[in-house]
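Visitor: Sequence:
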Amino acid sequence: MRTQLLSQLITGGVAAAVAAAVIAVPKVFSDEKAQTAAPAAVCVYNWYLSNSRTSGTATIPAFAYGNTPMVPLAGNWDGAGGDTPGAYSPDENKFFLTNNFNGGVGQITIPFGGVGDKPIVGDWNGDGTDEVGTYTPSTGTFTKRAADGTTTTVVYGTPYQIPLVGDWNGDGTDEVGVYRASNATFELRLADGSTRSFVYGDPYWKPLIGDWNGDGRDEPAVYNPADSTFYFRVSGIDPTETTEKIRYGDTGDRPLVGDWDGNRTSSQGIIRS
2 MRTQLLSQLI TGGVAAAVAA AVIAVPKVFS DEKAQTAAPA AVCVYNWYLS NSRTSGTATI
62 PAFAYGNTPM VPLAGNWDGA GGDTPGAYSP DENKFFLTNN FNGGVGQITI PFGGVGDKPI
122 VGDWNGDGTD EVGTYTPSTG TFTKRAADGT TTTVVYGTPY QIPLVGDWNG DGTDEVGVYR
182 ASNATFELRL ADGSTRSFVY GDPYWKPLIG DWNGDGRDEP AVYNPADSTF YFRVSGIDPT
242 ETTEKIRYGD TGDRPLVGDW DGNRTSSQGI IRS
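Numbering-wise, the working numbering puts 222 at position 221 of the sequence shown, and it's gapless, one number per residue.
Just so you know, the hints here were simulated from the structure itself, not pulled from any lab data.
The C-beta atom is built at its ideal place from N, Cα and C for all residues, glycine as well.
There may be inaccurate statements among the hints.
As the list claims (entries may be wrong) - If you anchor each label on the Cβ, the simulated ranges turn out as follows:
id, residue 1, residue 2, range
1, Gln108, Pro240, 41 to 47 Å
2, Thr151, Asp203, 37 to 43 Å
3, Thr110, Pro240, 40 to 46 Å
4, Ala81, Thr159, 35 to 41 Å
Put together the whole structure using the sequences plus the hints.
Guide: As structure tokens, then:
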């Protein structure tokens, strides 16, 4: 599963090093934050992740990772197990990645991107390991960075859309797409160059991508911030729509998804600041 980032850039403040964290285990989903030691910036992101799409309770001990104005994201950085946290600093144009749920300082730092770029994550070569990249809104350009630092670019959609990345056909390699928030439209570019377009959810909900049924193909989801509800399109990009939903978190939380336990099926999470 190639996990995608939050659907909008978080702004304000000055980026700083990721803060250290002490793990706290929430027995129920509540406003209690993970304990933190000496926050290094304006606020600390507290992560609440669940391995179950049918439960509104976090199943992974809460942890703190990332600060304003970083963009939280997740991916399988080492090709083993499941997805783990990352954060992108738009001020520094750097990715900070970690291979565990312990919080604290990122284990891997990758300088990449330019002013105004948004971070993306995907398995660009089908080796089971996610790499980083960027989307340049002004040109609609996706730039994929390989492990050796080389890059490839794809221009898709019209400028200033929300970037998407996923394995639409199950071949192990991620392709690109965009989401038009004004009309809730997913526009996906398949591996053969063909495209698929469909409406899902309501305008200005938050788009997410994950493998909801473990078939190796990524499917869309949306998050309604008004009532903190995730809607998972388990039927994928096929014409017939089948949806599951779960309310998770509270108003003001930021959604993301990932294969947290490495079972090749994605589930929900939120980040609270």
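Visitor: Work down the list of hints and note, for each, if the structure agrees.
Guide: Consistency of the hints with the structure:
1. Gln108 <-> Pro240: 41 to 47 Å: holds, 43 Å
2. Thr151 <-> Asp203: 37 to 43 Å: Given range 37 to 43 Å: holds, Cβ gap about 40 Å.
3. Thr110 <-> Pro240: 40 to 46 Å: holds, 43 Å
4. Ala81 <-> Thr159: 35 to 41 Å: holds, 38 Å
Checked against the numbered hints given earlier, this structure breaks none of them.
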